[in-house]
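Sequences listed follow chains Z and A, in order.
Number 302 in the UniProt record's numbering belongs to position 302 of the first sequence; there are no gaps in the numbering.
Number 375 in the UniProt record's numbering belongs to position 375 of the second sequence; there are no gaps in the numbering.
These are computed hints drawn from the structure, not numbers from a lab.
If you're wondering where the values come from, they're calculated on a predicted model, not measured in any experiment.
A portion of the hints provided could be inaccurate.
Since copy identity is lost for identical chains, a pair holds within one copy or between any two.
Stated by the list, open to error - Calculated pairs, DSBU-like style, for lysine-lysine (alpha carbon to alpha carbon, straight line, at most 30 Å):
no. : residue 1 : residue 2
1   : 288       : 565
2   : 220       : 492
3   : 296       : 565
4   : 648       : 565
5   : 305       : 459
6   : 95        : 19
7   : 220       : 95
8   : 128       : 607
9   : 296       : 429
10  : 220       : 191
Number of protein chains: 2
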Amino acid sequence: MSSAEAASVVNKNVHPFDKAQLDTLLTSRFFFAPAFEIYGGVAGLYDYGPPGSALQANILDVWRKHFIIEENMLEVDTTIMTPSAVFETSGHVAKFADWMVKDLVTGEVLRADHLVEAVLEARLKGDKEARGVAEEAAVDEKDAKKKKKKVKSTAVKLDDAVVNVYNTTLAQIDNYTGEELGAIIREHEIKNPDTNNAVSEPVQFNLMFDSMIGPTGKLKGYLRPETAQGHFVNFNRLLGFNNGRLPFASAQIGRSFRNEISPRAGLLRVREFTMAEIEHFVDPENKKHTRFDEIKDIKPKLLPKDVQMQGRTDLVEMTIGEAVEEKIIDNETLGYFVGRIHMFLLQIGIDPERLRFRQHMPNEMAHYAADCWDAEIQSSYGWIECVGCADRSAYDLSVHSKRTGQALVASQALAEPIVTERAVAEYNKKTFGKTFGKDMPAILEVLNKYDDEELMKLKNEIEAGDATVALADGRTFTLNKDLVTVERKTFKQSVREFTPNVIEPSFGIGRILYSLLEHSYWRREQDVARGVLSFPTCVAPTKVLLVPISANTAFLPLIKEISAKLRAAGISARVDDSSATIGKRYSRNDELGTPYGITIDFASVQKNTVTLRERDTTDQRIGRVDEVISVVADLVAGNISWPAACTKLPAYDGVQAVD
Amino acid sequence: MSSAEAASVVNKNVHPFDKAQLDTLLTSRFFFAPAFEIYGGVAGLYDYGPPGSALQANILDVWRKHFIIEENMLEVDTTIMTPSAVFETSGHVAKFADWMVKDLVTGEVLRADHLVEAVLEARLKGDKEARGVAEEAAVDEKDAKKKKKKVKSTAVKLDDAVVNVYNTTLAQIDNYTGEELGAIIREHEIKNPDTNNAVSEPVQFNLMFDSMIGPTGKLKGYLRPETAQGHFVNFNRLLGFNNGRLPFASAQIGRSFRNEISPRAGLLRVREFTMAEIEHFVDPENKKHTRFDEIKDIKPKLLPKDVQMQGRTDLVEMTIGEAVEEKIIDNETLGYFVGRIHMFLLQIGIDPERLRFRQHMPNEMAHYAADCWDAEIQSSYGWIECVGCADRSAYDLSVHSKRTGQALVASQALAEPIVTERAVAEYNKKTFGKTFGKDMPAILEVLNKYDDEELMKLKNEIEAGDATVALADGRTFTLNKDLVTVERKTFKQSVREFTPNVIEPSFGIGRILYSLLEHSYWRREQDVARGVLSFPTCVAPTKVLLVPISANTAFLPLIKEISAKLRAAGISARVDDSSATIGKRYSRNDELGTPYGITIDFASVQKNTVTLRERDTTDQRIGRVDEVISVVADLVAGNISWPAACTKLPAYDGVQAVD
């Protein structure tokens with residue numbers, strides 16, 4: 001093994017994952033922190049500091065290039081504040097809600113389903129303890145994922161029948177109405193486990209923040225819980241911008257809000273978050289994708305609904321091409337996006353071993369959706385939905401069109417006009433009126449409902465001279481060719497009009513960002529206290545750290561020169577000229593995930609050489625300033641890897657440092 | 001004049017500005033449009049379509065490079081939803097409000113100051129008409145700027161005394177309380193001009209959207225009306241991230257909200273908008289700036305407060321260096337940002353002739369502000385504030401610190417410790433208690449208030465044996481050296497602690513974007529119907545349009561090749577292969593502001609040449625595909641200008657087209 005190859009091998013799994021240490025790192029380095037901390041904070045609101053903001057901006061930059069620019073999507077930027085009518089149409093006013101109960105003594109508010117789940121699971125756990133049965137790991141995972149109230153179990157054995165009822169209840173916990181949850185709470189005497197007080201009947205709590213637009217107090221508005229409606233209401237303008245052609249996609253990056261009842265899972269369940277959403281509008285009769293071939297051989301880990309409905313979670317290994325072929329994924333366009341999402345997540349540094357695509361089961365999916373796959377990423381909170389990818393059929397455009405009376409359709413000029421022939425009846429109004437008088441309208445009403453077959457029968461009867469028409473009251477009237485003639489005519493349709501279907505990939509950026517932090521985090525073999533965040537260079541908040549070996553002013557001109565050259569090359573760099581030791585400064589930047597460090601010492605001033613350090617290996621190379629900058633530029637652009645860089649710059653033997 | 005020089009001379013002012021035509025262009029090309037238009041729209045809410053989103057993204061990209069990256073600012077991303085306490089502290093809950101009145105019959109809501117202004121100005125105008133005096137243009141400008149209700153004047157002569165009262169009232173219109181506005185409305189019998197109905201007493205309307213955070217109904221929140229508080233509450237973390245050093249700046253780009261009473265001025269007065277804000281934290285004792293020299297020779301048009309207070313609006317011509325020297329601009333750091341803002345606005349394409357920096361007059365400025373300059377841009381709405389640049393002193397950090405009890409200070413290690421000497425009294429508690437008993441606390445209270453001079457006098461008296469202390473009740477007590485000794489001691493202070501001052505440049509991105517649209521818009525000499533948006537390349541939504549001369553499939557491979565090469569060079573390009581004529585397609589892209597067009601014809605397929613068209617001159621050059629791409633890359637990167645490009649590519653004589 002050459003030294004260059006050795007340089008890229010680092011065992012990142014020597015030490016077990018330490019969530020508490022990571023949390024400390026993230027707060028102390030200000031990746032993010034509770035918002036309004038000096039005011040005591042507000043649950044579910046977080047601020048991103050400089051490294052968190054830069055990490056987010058870089059993830060979004062990769063997203064924009066990977067999706068919007070690569071596919072010429074139409075980017076939009078629509079308002080967060082939305083009048084009530086829009087969310088009445090979309091169904092959010094009626095249904096975007098959770099059921100909550102109040103502690104009857106303290107007034108504490110709890111999510112009803114989470115309460116039932118936590119208490120029944122604790123009782124089942126206590127039952128298992130009493131029976132001496134080992135608890136299943138799966139329950140813990142689910143518990144961690146939802147970050148419910150932690151309820152201590154006590155070893156009490158339950159009747160077998162009760163165990164069955166509890167298990168059945170838990171399996172359906174996501175499907176109960178408020179009334180049903182109330183009945184369950186009463187039946188099983190569920191109380192607030194923190195206080196042992198009884199709780200109220202469940203009350204629906206809408207998860208949208210509301211406000212009043214303008215001073216009249218009459219125009220209610222909501223903060224959007226997703227950016228999607230902003231695309232749909234602009235559909236006609238977008239279609240026009242695309243010269244009337246399908247398919248096309250709009251895309252939007254922006255803030256959305258959910259007024260969670262009691263958020264408790266860090267960045268994974270927050271009240272305000274950044275989303276990136278794509279609405280791909282497609283002809284319902286042609287969901288093929290022209291670039292499907294480019295992704296068809298990708299093999300993401302799939303968890304189809306059939307597997308889940310058998311109560312299993314084993315992942316299926318097959319290419320997207322095979323999955324679409326076998327109708328496991330509904331269509332090519334949906335499959336294409338599953339592939340593109342997979343590529344994107346790997347590019348920013350998500351561990352493919354902890355990424356799966358889980359298909360929605362029929363009971364999870366909205367009635368209108370054709371198919372839906374969530375990209376779930378595994379972290380210490382369990383498997384968490386980070387990207388949804390749904391085929392929403394024609395639902396959204398249809399409901400907005402119905403409510404507003406505006407047509408939201410696309411049309412297709414048919415290459416070959418559709419030619420149809422059908423029978424058409426023509427009435428002689430004059431003779432008809434004379435013959436039938438006040439019965440004319442009733443007779444015409446019956447005739448107008450004739451289908452093609454009935455009209456042809458009428459034509460034949462008229463020609464044979466024995467045509468009659470019967471009314472609902474039993475009376476019949478005779479018809480002849482002076483009253484009505486039936487002819488076959490040819491019709492030509494050259495344009496087809498239809499409501500497009502929508503394929504919607506929807507990204508929760510904060511959830512992806514947090515998962516990436518966990519996947520990037522490890523600790524050095526020699527020093528368990530030293531955390532490192534091994535971001536891929538493309539998303540690293542800062543690419544290069546400039547470290548003068550001391551505060552000597554002799555280094556200033558060179559620092560200025562190198563900074564200017566890196567800036568000109570579009571590489572984000574920071575200088576750390578603090579008085580901490582070199583080792584401390586590098587440690588700090590390992591925690592910030594800075595992939596490269598350039599050290600400036602007296603040799604730099606004398607010989608114009610600097611050393612280049614790589615974060616993961618801590619390997620150091622040496623070269624002239626311009627050589628090193630050129631290698632760094634290639635590394636940051638992704639043109640070369642670290643082992644390749646090592647073939648260009650010799651290893652630093654530590655001799656050159658002069659001080 | 002060479003053809004290359006001629007190519008860059010285009011008379012853009014042949015036709016007068018046509019606001020209605022520009023408005024039609026902006027909506028039909030979907031730069032922006034009223035939000036929720038299919039639902040009838042909501043005043044003050046706008047959505048950006050693809051070209052508007054891209055223009056905004058490019059303006060923000062230039063902003064980020066010009067400010068954040070160039071100066072290593074600390075970017076943050078903080079929440080929009082903010083608990084009430086924060087805005088109680090900042091003063092927004094009490095003061096961020098306008099006065100409104102209601103039409104007593106229709107219930108229509110009007111801004112009280114705008115109503116008074118509109119009605120009195122209409123009466124003054126009617127008076128002038130009656131007197132046969134020409135109206136001043138200035139009034140019209142002001143009217144346009146505020147987009148008040150348009151009130152028709154009728155020629156009615158007023159008493160001279162009434163004219164004086166109206167003029168005095170109008171001059172102070174921004175300073176009245178609600179009660180005063182109510183009195184003015186009653187005194188001058190001001191009614192709703194649309195209905196001639198009386199209006200209610202003014203009621204204060206807070207301009208922040210409010211909502212409830214969480215389900216308890218107890219935690220009120222507001223949508224931020226600016227991003228600034230998010231910086232201030234994180235000050236300690238930011239200072240820590242910057243290794244405790246000053247000066248540093250934080251920066252944030254994000255959405256803010258103002259619940260305007262009746263917004264009527266397009267993108268200039270909206271209820272939801274994108275801001276970019278910088279909070280530069282600086283030592284109050286040192287507001288010099290290390291890079292001041294780089295901007296000191298810039299000569300922006302200045303409108304200082306002294307000029308305005310003489311009722312004049314003539315602009316002052318002087319360099320920023322001179323303005324700071326003469327204390328017209330308060331300090332170097334404030335001057336530095338005025339210079340940097342000026343550079344930024346010119347870079348994105350704002351016309352320097354329609355840009356001025358207006359200083360706030362004392363009555364406009366918050367009591368705590370040291371100095372404030374608004375960058376105002378002139379458009380068809382008048383001179384509009386687009387960037388504020390204020391020295392907010394220590395106000396923000398002080399009030400948050402006071403409310404939360406958290407220290408928000410910086411400290412400076414003093415190079416030379418400050419050595420002070422002062423007298424210190426030491427009491428012998430034992431003898432003191434024995435001698436004075438229950439009078440001891442009262443005596444000590446008096447002694448503890450002694451200043452240095454009084455202590456030295458006491459020392460001398462004790463040494464002389466005639467020391468006494470007098471209480472407030474007139475009693476005196478004798479002191480001696482067994483009870484108290486006074487010594488001079490030396491104190492060394494090596495750290496200075498202080499509350500940083502804040503210099504705040506705050507950018508309204510939508511206002512800048514709209515002003516830029518007006519400044520970029522012109523119409524071709526030959527064709528008044530053809531609008532062109534001459535954006536600088538750096539902000540143009542799309543840089544290159546690819547136009548195949550027809551829908552012939554022979555062009556597809558070349559289109560794909562050129563698209564891929566442009567994408568690899570990071571240049572945003574779009575293909576227009578619609579069936580419209582070449583001329584129509586270029587026209588459409590002139591309206592979108594696309595600076596370059598590449599035409600692909602049969603010569604392209606046969607000889608690998610394409611033509612390159614420049615938007616403003618409509619000049620066309622020809623070259624091999626790779627040559628043209630390389631020239632376009634240089635043009636887009638800003639390395640060369642169009643005349644320089646013309647020296648590299650020969651003029652296209654129109655002969656090569658084969659069809």
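Hints versus structure:
| no. | hint | result |
| --- | --- | --- |
| 1 | 288 to 565 | between (47 Å within a copy, 26 Å between copies) |
| 2 | 220 to 492 | neither (48 Å within a copy, 63 Å between copies) |
| 3 | 296 to 565 | between (42 Å within a copy, 24 Å between copies) |
| 4 | 648 to 565 | both (20 Å within a copy, 28 Å between copies) |
| 5 | 305 to 459 | neither (55 Å within a copy, 92 Å between copies) |
| 6 | 95 to 19 | neither (36 Å within a copy, 44 Å between copies) |
| 7 | 220 to 95 | both (17 Å within a copy, 24 Å between copies) |
| 8 | 128 to 607 | neither (72 Å within a copy, 81 Å between copies) |
| 9 | 296 to 429 | neither (63 Å within a copy, 90 Å between copies) |
| 10 | 220 to 191 | between (36 Å within a copy, 28 Å between copies) |
Violated hints for the displayed structure, listed by number in ascending order: 2, 5, 6, 8 and 9.
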